[in-house]
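Read the sequence shown against the numbering used here and you will find it ends at 268, with the numbers running on by one and no gaps.
Don't read these hints as lab results, they were simulated from the structure.
Since the structure is predicted, the reported quantities are computational estimates derived from the model, not experimental observations.
A virtual CB, placed ideally from N, CA and C, is assigned to each residue, including glycine.
Hints may be right or wrong, so weigh each one.
Said to hold, decoys possible - Pair ranges (Cβ atoms, derived):
1) P255 x G60: 16 to 22 Å
2) R92 x D222: 45 to 51 Å
3) D156 x G242: 27 to 33 Å
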Amino acid sequence: MTTDGASGDFVTWTRRYREGTDGGPDDPAPLIPAATVVLVRDGSDGLEVLMVQRNAELSFAGGMWVFPGGRIDPGDVRPDDDDERAGARRAAAREAAEETDLTVDPDGLVELSHWTPPPESPKRFGTWFFVGEAPAAAVTVDGGEILSHQWTTPRRARELRDTGRISLAPPTWITLEQLDPYDDARQALAGIDRATTERFTTRIVIDDDQVLALYHGDHAYRSGDVAGTGPTHRLTMGDEPWIYERTTNHEERT
15 MTTDGASGDF VTWTRRYREG TDGGPDDPAP LIPAATVVLV RDGSDGLEVL MVQRNAELSF
75 AGGMWVFPGG RIDPGDVRPD DDDERAGARR AAAREAAEET DLTVDPDGLV ELSHWTPPPE
135 SPKRFGTWFF VGEAPAAAVT VDGGEILSHQ WTTPRRAREL RDTGRISLAP PTWITLEQLD
195 PYDDARQALA GIDRATTERF TTRIVIDDDQ VLALYHGDHA YRSGDVAGTG PTHRLTMGDE
255 PWIYERTTNH EERT
């Protein structure tokens, strides 16, 4: 995987913002509906996912390695849709085609999760995450918005972030963690299809030299007192390897 040396960008920006040195709106930015797709295939070392690197010049997630995705456009939505999910599926498939030149059937995508960023974020995309089987075709990126791509195991991608060679956002890191237990694409799709979609609404807390992303079920989710004791559901981020802890079964489901 091509590396960018930008693994600390998310943590650095978050710390500056929370400390009041990076400005930001007084009120949360509006939530923009979006969708992303994790394309999976079987590789020589097990399950592989397709990741793409965004251009560092982009105002949102510049330089980060992500899954193909973007906002839900008006053309993705139809009058007879039951809810936002249908448009989200079409948006995920469209973005896959635009960013990787892969044709994906939106009806074949399996719903994994929904993510709402913290109010501090300058751009807030409420994003549906889907998983789909990758077609047997070559990946092509435009070299503009998307600079590069790579097939990688979920564990390898997290190791590259932890050694400072690539940059990942928390939803990407946790999604890779969720996919790591699966041995192959068929097993992953079946397991995710049996589960119920989980909603993550992120709360950011700074504790000394670490940034923590807290989620539903964490004892500090409402109070922000991470020093207390109780159930945990958090991603701890800093200079050391990131750690995802979840000791609670309490979940927000749809």
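Do the hints match the structure? See the list:
1. At roughly 21 Å, the beta carbons of P255 and G60 sit within the given window of 16 to 22 Å.
2. R92 and D222 have their C-beta atoms about 49 Å apart, which keeps the hinted 45 to 51 Å range intact.
3. Separation of D156 from G242 is about 48 Å and departs from the stated range, judged on CB atoms against 27 to 33 Å.
The earlier numbered hint that this structure contradicts is number 3, and it is the only one.
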